[in-house]
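Put chain V on the given structure of chain C with help from the hints.
So the sequence lines, in the order shown, correspond to chains C and V.
Read the first sequence against this note's numbering and you will find it ends at 967, with the numbers running on by one and no gaps.
Read the second sequence against this note's numbering and you will find it ends at 105, with the numbers running on by one and no gaps.
Calculated directly from the structure, the hints in this document are not laboratory data.
Possibly wrong hints are sitting among the right ones.
Computed, partial: chain C to chain V, Cβ under 8 Å [what the hints assert, rightly or not]:
{"id": "1", "residue": "Glu828"}
{"id": "2", "residue": "Ala916"}
{"id": "3", "residue": "Lys928"}
{"id": "4", "residue": "Arg933"}
{"id": "5", "residue": "Phe934"}
Where a beta carbon is used, it is the ideal one built from N, C-alpha and C, also for glycine.
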Amino acid sequence: MTAWLFMLPLIVVNVLVILGPSVATVYFSFTDWSGIGSADWVGLQNYTEIVADADFWSALMHNLIWTAIFLTVPVGMGLLGAFLLSQITRFQMVFRVLYFIPYVIASVVNAALWQNILDPTRGIGSVLATVGIPYLDGVSFFGSERLALPAVAFVDNWHWWGFVVLLFLTVLQSVDKELYEAAKMDGANRWQQFINVTIPGIRATLVFVVLMTIIGSLLVFDYIYIITRGGPAGVSEVVGTLMYKEAFARFEAGYAAAMGLGLSFMSGLVILVFLYLRRRGWEI
Amino acid sequence: MAAVPSAFNAPLPFTESDFPSSMDERVARQLAALSQATNEGNLGYTAWTFWPAKSDLYIQEEMQKVLTGDITAAEFCEGLDEEFTKERKEGAVPKIIKPAGA
Numbered sequence: 684m685t686a687w688l689f690m691l692p693l694i695v696v697n698v699l700v701i702l703g704p705s706v707a708t709v710y711f712s713f714t715d716w717s718g719i720g721s722a723d724w725v726g727l728q729n730y731t732e733i734v735a736d737a738d739f740w741s742a743l744m745h746n747l748i749w750t751a752i753f754l755t756v757p758v759g760m761g762l763l764g765a766f767l768l769s770q771i772t773r774f775q776m777v778f779r780v781l782y783f784i785p786y787v788i789a790s791v792v793n794a795a796l797w798q799n800i801l802d803p804t805r806g807i808g809s810v811l812a813t814v815g816i817p818y819l820d821g822v823s824f825f826g827s828e829r830l831a832l833p834a835v836a837f838v839d840n841w842h843w844w845g846f847v848v849l850l851f852l853t854v855l856q857s858v859d860k861e862l863y864e865a866a867k868m869d870g871a872n873r874w875q876q877f878i879n880v881t882i883p884g885i886r887a888t889l890v891f892v893v894l895m896t897i898i899g900s901l902l903v904f905d906y907i908y909i910i911t912r913g914g915p916a917g918v919s920e921v922v923g924t925l926m927y928k929e930a931f932a933r934f935e936a937g938y939a940a941a942m943g944l945g946l947s948f949m950s951g952l953v954i955l956v957f958l959y960l961r962r963r964g965w966e967i
Numbered sequence: 004m005a006a007v008p009s010a011f012n013a014p015l016p017f018t019e020s021d022f023p024s025s026m027d028e029r030v031a032r033q034l035a036a037l038s039q040a041t042n043e044g045n046l047g048y049t050a051w052t053f054w055p056a057k058s059d060l061y062i063q064e065e066m067q068k069v070l071t072g073d074i075t076a077a078e079f080c081e082g083l084d085e086e087f088t089k090e091r092k093e094g095a096v097p098k099i100i101k102p103a104g105a
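Chain C on its own, in the form it takes in the complex (with noise of 0.2 Å):
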């Protein structure tokens, strides 16, 4: 009983913010609500809309772009970076806490330091033309419709993956050294090193980002948002900025929560399959 009552404010507040909201959003996505007012039952019809939505289906795919990109560049740089770092004594808290500072700085201050740092005419690209390297002048990272998606990843990778080499070097750490020792014994260079006992040493870290990393990559909307808000002509819209336009724009606040539900449920499926291959007796 007393357990209860220390848990009691907890719940109240997960009740008012998580489940109300959630059970309200179910309700919702099944009416024509505009986000103020009274709301009329459609029943599917906001889903079957999304399933023919073609906006709907660009911004997954750039969700799912956006899901490769993160998979592989922060986790292969936060590895490489995590490995390198495990391998010095000196200046490594240095490194650490450099590596680290992105991830503290608020995602607007991140993303307004870039879009000085990469602008077209007062950027790095004029910086550099003016010392004779003209290749980047004018060049409009955010504005362009082959690099704008790109570049925000960029921007939010660089942010992310001192976070990933933490992480990493902190499980690296745990990795038992007379595996390394045993393994140089056996002959192994540094690279069969870090596949043969470096990455089995870590899996249930790697694993925990790569589940991270594809949820968040479902769910990005921060950077997106504030530097291109899904532009130019949509080449970086992500379904969290269209629903947001959705919701807050089109005042299409049912429409915009049975997509938020169609998120919801594809962030529930990654889980689950890595519940299954938990129970499969995956050591993840």
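Just chain V now, kept in the frame of chain C:
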């Protein structure tokens, strides 16, 4: 380019002489004319500032596609017509406020 930005149209009384000489004189003239008109009570709202929500977002989003060449201007207008007609039928077009003295 003028040293003083031209995105300045606060409803304050001023004349061309109030602007610094570094300002583009065409911008200064335009702002002074707006100020004069406002002070004489000649203000109002034009119809195109009153798009309903979906049409408004359509213009912002789809115009980019016209600029990037993904759709033609005619396709843009057709889409806008469709969106606006639907919203007008739904009664979502905001009432246009009559300017003073109209």
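Each hint, compared with the structure:
no. : hint   : in the structure
1   : Glu828 : holds, 6 Å
2   : Ala916 : holds, 4 Å
3   : Lys928 : holds, 6 Å
4   : Arg933 : holds, 5 Å
5   : Phe934 : holds, 5 Å
In summary, this structure violates none of the numbered hints.
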